Every structure is written in structure tokens, then in C-alpha cells.
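As you go down the protein sequences, you meet chains A and B in turn.
Throughout the first sequence, residue numbering follows the working numbering, covering 1 to 123 in sequence.
Throughout the second sequence, residue numbering follows the working numbering, covering 1001 to 1253 in sequence.
Since the hints were made in silico from the structure, they are not lab data.
Errors might be hidden in some of the hints.
[Stated by the list, open to error] Below, a sample of chain B positions facing chain A; criterion: calculated Cβ distance under 10 Å:
1. 1113
2. 1115
3. 1121
4. 1138
5. 1139
6. 1187
7. 1214
8. 1218
9. 1219
10. 1246
11. 1249
Keep in mind that this is a model prediction, so the values were computed, not measured.
No residue lacks a Cβ here, since even glycine has one placed at the ideal position from N, Cα and C.
So the chains spell out like this:
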Amino acid sequence: MKSIDLGKMTVLQLVERFTSLALGQSKAELYGETEKYNRLYDEIVAIKQELKSRAGDQRSALVPLFTHPNPQVRLMAAQWALAVAPVAARQALQDLSDRNIYPQAAYARQSLMALDRGDSKLI
Amino acid sequence: MKFAGAGREFARVNNVDSFWQDYQRRRWMRPNAHLYVRPDAALWQQPDRKLWQAPDLTERKYNPDQPRIPAGGPDGGQWTDGSSGLIHLAGDIPTGDSPEIPKEKPPTSQERTGLLKDVARRISEFGLTIEAFAKVNAWLRTRSAEIESYGDPPKSLEELQRDTSRSAPGYDIHHIVEQTQAEKDGFTRGVIDDPDNLVQIPRLKHQEINAWYQTKNPEFGSLSPREYLSGRSWEVRRAVGLDAMRIFGVLKP
Chain A
1 MKSIDLGKMT VLQLVERFTS LALGQSKAEL YGETEKYNRL YDEIVAIKQE LKSRAGDQRS
61 ALVPLFTHPN PQVRLMAAQW ALAVAPVAAR QALQDLSDRN IYPQAAYARQ SLMALDRGDS
121 KLI
Chain B
1001 MKFAGAGREF ARVNNVDSFW QDYQRRRWMR PNAHLYVRPD AALWQQPDRK LWQAPDLTER
1061 KYNPDQPRIP AGGPDGGQWT DGSSGLIHLA GDIPTGDSPE IPKEKPPTSQ ERTGLLKDVA
1121 RRISEFGLTI EAFAKVNAWL RTRSAEIESY GDPPKSLEEL QRDTSRSAPG YDIHHIVEQT
1181 QAEKDGFTRG VIDDPDNLVQ IPRLKHQEIN AWYQTKNPEF GSLSPREYLS GRSWEVRRAV
1241 GLDAMRIFGV LKP
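Throw the hints in and build the complete structure from the sequences for me.
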């Protein structure tokens, strides 16, 4: 795969790419493609790091994705923007949990449990 | 239908999900796309529609006057919103309406499992019955035990451990502490297969939990739970195993 210079992308382009990668994870999960899911995860983390490094910490640009129709997009956005939008991110995670949308509900519950215990790695 | 900006470049360079995304876009551009919108779709609309711009799908009807992308290009003839020539569609919105299910049995195990999970999740989320799907694909009826067991409510550990001598249709015997990894780390089969480590859980939940063990997870420092547990004590593994069953709605909190 051709590498992409994230540093040359605008914030909006990074958010679009983040969305596409999460949609790819959604499909990979459904078809049991774990390696692909994990590869896409790494790319999502790279985008999160790039957004974080931008002036003013641009992870807040992920907040609009909390209402994206795809639950995997909502999950990834809520987890990786939790540090900059904790209330709204927690609400998005709680919604995934309450609606029993699997498997995202399980990942959301895990993050909520960690937040309640005070040992979340997302803060 | 086109990707916009970086999305188009991403699809071109990576070709990761272009087929699936193209499929989703085509689906949402159908004249009957409103059939795929869940009743509470408005909850997911962004007020400013910055990142995805969904037309008012609930009112979408076939309109021969709807503008199309001019012929000559790769997307020539496809619907457009008439403004920029590009529409960001909503992606995959779960729906309570009849989903697109192939009439024939999917040819590969991977496709069959994906379809089973998709149907079971829709039934569970929207309170549907398998009958709505089995009308379309009789093959699904042969897997009804797996689909129906997926909707089981959470149970106590005692209930899950009640009969683990053999698995019932639609259920699997699950090791609370993962057996393969535990064996690799030196735990004996006697400990691994002890009745205290066995539960009977819905097969599709079993598969979801197995996948969870293998996928990278931010709460484990971006390690997979399996990687995180490597070399750790039985007690830690069991605590994680019980948590996994709780978060997947198998074990009561």
C-alpha cells in the first residue's frame, strides 16, 4: 500500500480518512478479517496522533462523527476524542452500549467500565 | 457516485473498501432508498451536515428530473444532488426493514458467517423474527438455532455453567480463560478444561468474543487482549475472560 503523508493533509481530509478507515473496520469485523481490522486500527491511531499534534489539538474535529450513522465510526471517534470532549464522547459510548449494537456495544462498555474505575487508557 | 477530496484519493490509493463503499453509495441512491432508513434516523443527522450530507431520504422518491453526472466520465449518468456533483452519503445505517439478503446460500464460510452475524444483530437490535429473513433465504432457516440463541439475555455464571458436558444447537462450549494461549503459557489441560473454566454460550457470541481477544484495543494500550494476557496469571486471565462475557451481554453484570 502506498504510504500517505498525513502531515500534508488538512484536518477535514484527515477526518474523512478516519471515517473511511473505520468503515473499513466495520466490514472487516463482519467478515472476521482480524488482521485487516488491526491494520486499519493502526492507521486510525496514526491519524489520531496527527490530529493531536496540530495546533490546538485537532482531535476535536472528530466530535461530529459521534453522530455518524455507522456504529464503528462512532466508536472510534468517541474513543479517540474522549480526551478532548469527555462528556460528549462518554455519551456516544453510552448510547452504543444502551442500544446493544454489537460488537461496538462491547468495546464501548469496556471503555465505560475503565472510565468508572479510573484506569482508562483513553484519557 | 464519487468520493470527495481526500476520500476519493484514499479510495484510489488504498482500494481498501472501495467496492463495499461503492455498493453502499449505490444502495443509498436508489429511488427506494427510503426503505433502508431506520425510523429514528433523524437522531443521527448532524445539524450542520459538515462531514456527511444525507439528502432527506425519508422523502426520497424516483424523480426522472433529478440531475445526473454528465456522460463521458466514469460516473456519468449517476444521480447527483445538482450542487457540487458530489454527495456524501450516510454509509451503513442499520435498518429495521428487510435487508438485502442473497437468495442463494453464500458460497464461502466467511460470507455465511458474516451474513449470520448481520441477520442476528438486526433481529436482536430491532426486535425482528427470523421469519422475515428466512422468506428471502431458506438457507437461513437451517441456521436458526445460531441466530435465535444470539438474542439470549445475559445469564448468571451458574446458569452458563449448568450443562457444559456437550453443546446444544446454536451454542458452543467456551473457555473463560482462553485455552490455546493458556496452554502455550504452560497451564495444564486439567486446569484449562476444569468445569469452573467452562460455560455454554451462544455460538455467534462465542465468535464475537474470540474476535475481541484478537483485535487491537485502546484499553489494553493498543495491544489485543490476547497479547496483553500473555505471561499473566490465571486470575488476571479469568478476570478479563469474565469481563469479556459481561461486555458482550452473555454474563450478567
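Agreement of hint residue 1219(B) with chain A interface, Cβ distance less than 10 Å: Holds: closest Cβ of chain A sits about 5 Å from residue 1219(B), inside 10 Å.
Minimum beta-carbon distance criterion (10 Å), residue 1139(B) to chain A: Check failed: Cβ of residue 1139(B) comes no nearer than 17 Å to chain A, outside 10 Å.
Proposed interface contact between residue 1187(B) and chain A, which counts if any beta carbon pair is under 10 Å: violated, 24 Å
Hint validity - residue 1113(B) Cβ closer than 10 Å to any chain A Cβ: Hint holds; residue 1113(B) Cβ to chain A Cβ min 6 Å, cut 10 Å.
Hint status (Cβ of residue 1218(B) to nearest Cβ of chain A, threshold 10 Å): Where the cut-off is 10 Å and the nearest Cβ of chain A is about 5 Å from residue 1218(B), the hint holds.
Interface restraint verdict for residue 1246(B) against chain A (beta-carbon cut-off 10 Å): holds, 8 Å
Hint status (Cβ of residue 1138(B) to nearest Cβ of chain A, threshold 10 Å): violated, 22 Å
Hint check: 10 Å Cβ-Cβ cutoff, residue 1249(B) to chain A: Result: holds, 7 Å to nearest chain A Cβ.
Interface restraint verdict for residue 1121(B) against chain A (beta-carbon cut-off 10 Å): With a minimum Cβ separation of about 6 Å from chain A (threshold 10 Å), the hint on residue 1121(B) holds.
Hint check: 10 Å Cβ-Cβ cutoff, residue 1214(B) to chain A: holds, 5 Å
Proposed interface contact between residue 1115(B) and chain A, which counts if any beta carbon pair is under 10 Å: holds, 9 Å
Figure legend: structure checked against the earlier numbered hints; hints not met, in rising order: 4, 5, 6.
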